[in-house]
Amino acid sequence: MPTLKYVTSLIWLTTILFLIGCDTTPEIPTPKLLDDYGAFGGNFTLTDHHGQPFSLVDGQDDISLLFFGFTYCPDACPTMLIKLQEMYKKLGASASPTVQTLYITIDPERDTPEILNDYLSYFTTINILGLTGTLDEIDQVAKQYSVFYKKVPLESAAGYLMDHSTWLYLVDQHGELRYRFRDSDTVEEMVAGIQQLFPTN
Amino acid sequence: MIDLTCSKLPRALRVSLAASLVTLICACAPQEEIQVKDAWLRPPAPSRDTAAAYMRITNTTFLDNVLIAVETSAADTVELHTTMVENEIMRMRPVKEISLPKQETVVMEPGGSHLMLFGLQRSLEDREPIYFTLFFKNQTTKIVKAEILNEAPPMSRLSDIIFKTDG
Numbered sequence: 002m003p004t005l006k007y008v009t010s011l012i013w014l015t016t017i018l019f020l021i022g023c024d025t026t027p028e029i030p031t032p033k034l035l036d037d038y039g040a041f042g043g044n045f046t047l048t049d050h051h052g053q054p055f056s057l058v059d060g061q062d063d064i065s066l067l068f069f070g071f072t073y074c075p076d077a078c079p080t081m082l083i084k085l086q087e088m089y090k091k092l093g094a095s096a097s098p099t100v101q102t103l104y105i106t107i108d109p110e111r112d113t114p115e116i117l118n119d120y121l122s123y124f125t126t127i128n129i130l131g132l133t134g135t136l137d138e139i140d141q142v143a144k145q146y147s148v149f150y151k152k153v154p155l156e157s158a159a160g161y162l163m164d165h166s167t168w169l170y171l172v173d174q175h176g177e178l179r180y181r182f183r184d185s186d187t188v189e190e191m192v193a194g195i196q197q198l199f200p201t202n
Numbered sequence: 000m001i002d003l004t005c006s007k008l009p010r011a012l013r014v015s016l017a018a019s020l021v022t023l024i025c026a027c028a029p030q031e032e033i034q035v036k037d038a039w040l041r042p043p044a045p046s047r048d049t050a051a052a053y054m055r056i057t058n059t060t061f062l063d064n065v066l067i068a069v070e071t072s073a074a075d076t077v078e079l080h081t082t083m084v085e086n087e088i089m090r091m092r093p094v095k096e097i098s099l100p101k102q103e104t105v106v107m108e109p110g111g112s113h114l115m116l117f118g119l120q121r122s123l124e125d126r127e128p129i130y131f132t133l134f135f136k137n138q139t140t141k142i143v144k145a146e147i148l149n150e151a152p153p154m155s156r157l158s159d160i161i162f163k164t165d166g
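Protein chains in written order, with the numbering used here: chain Y, 2 to 202; chain Z, 0 to 166.
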């Protein structure tokens with residue numbers, strides 16, 4: 002019965018391929034959190050998207066993710082927020098302690114609390130707080146976290162655009178900077194990094 | 000009088016005549032020189048009247064071409080832009096044109112080259128598609144339909160090329 006032979010060998014082949022497939026599942030690289038970022042990081046006070054003052058220390062007990070961007074950027078910045086939506090989905094709604102994303106604008110001239118409020122209302126599945134301030138206040142926070150940003154006047158209907166670094170900063174429950182995610186890090190890597198700050202029991 | 004409907008011919012003959020006519024027309028139509036697929040854009044964030052649009056443009060010919068301008072009735076201005084990330088620093092810049100090398104597909108996608116729409120005429124919340132007119136260096140134009148989506152479409156799902164005009 003050649004047919005039976007074929008079927009049997011096909012089953013074997015499938016099984017072997019399946020096992021090989023399982024064996025080579027790539028492991029998610031776990032980000033190595035740092036205990037000491039030296040002089041980087043620290044507390045700051047800005048104005049949130051409700052117009053209320055917000056200090057990083059107010060949010061202690063929460064894990065914070067600091068994202069520096071600007072709402073006028075319709076190309077790449079929403080991509081990051083969509084990635085964060087995916088990340089929150091993976092973390093689960095019951096994630097404890099709470100993971101709070103702080104969207105700090107590096108374009109405070111255009112990003113008023115009202116604009117931030119409208120903009121962020123678009124992203125309802127992210128626990129996110131928009132923060133703005135005076136040019137000096139934003140500059141101070143950027144320096145603390147070593148954020149690069151620069152206003153670039155352009156011959157464009159945009160008037161000007163902002164060049165900026167794309168790091169996403171992980172701050173633990175004690176307000177300490179613990180990691181910088183790259184723009185190219187996957188959602189899985191971000192989750193693996195954050196979960197290291199969850200209590201182990 | 001000439002009977003244009005050929006009503007005196009047998010029905011079977013009329014049907015096959017029509018069928019062969021359609022086949023002929025299709026066979027004679029030239030292949031699309033520039034093919035555009037997966038045109039889409041995100042609705043703008045509330046209170047913003049800017050949006051970025053994306054598509055995949057294939058130059059099927061053996062001659063290089065260039066996308067030089069884009070227009071739409073849905074926005075005041077459309078600019079060609081590109082986003083570059085180098086050493087974790089993101090820069091967005093307007094560009095004068097986008098090269099379409101022969102026999103290649105240029106992918107416009109988030110974080111890369113894209114169309115920037117300024118002064119949108121409506122919020123796009125109704126998800127009604129918008130239409131772009133693409134202008135090429137070889138004097139041709141193409142009208143492209145773009146879907147309003149929150150995320151990039153799966154490859155090749157949308158391919159809504161309406162028509163092409165040479166001139």
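Calculated from the structure, these hints are not laboratory results. Hints are not guaranteed to be accurate.
[Unchecked claim] List time: in silico PhoX-like cross-link candidates among lysine-lysine, alpha-carbon distance up to 25 angstroms:
1) Z:Lys136 with Z:Lys95
2) Z:Lys95 with Y:Lys151
3) Y:Lys84 with Y:Lys33
4) Z:Lys136 with Z:Lys36
5) Y:Lys152 with Z:Lys95
6) Z:Lys101 with Z:Lys144
Each hint tested on the structure:
1. Straight-line distance between C-alpha atoms of Z:Lys136 and Z:Lys95 comes to about 12 angstroms, which keeps the hinted pair within the 25 angstroms bound.
2. With a C-alpha separation of about 22 angstroms, the suggested pair Z:Lys95 and Y:Lys151 falls inside the 25 angstroms cut-off, and the hint holds.
3. Pair hint Y:Lys84 plus Y:Lys33 holds up; C-alpha atoms about 21 angstroms apart against a cutoff of 25 angstroms.
4. Simply put, Z:Lys136 and Z:Lys36 have alpha-carbon atoms about 20 angstroms apart, close enough for the 25 angstroms limit, and the pair holds.
5. Between Y:Lys152 and Z:Lys95 the alpha-carbon distance is near 21 angstroms, which keeps this suggested pair within the 25 angstroms criterion.
6. Taken as a hint, the Z:Lys101 and Z:Lys144 pair is honoured in the structure, with Cα atoms around 23 angstroms apart against an allowance of 25 angstroms.
Of the numbered hints stated above, none is contradicted by the structure.
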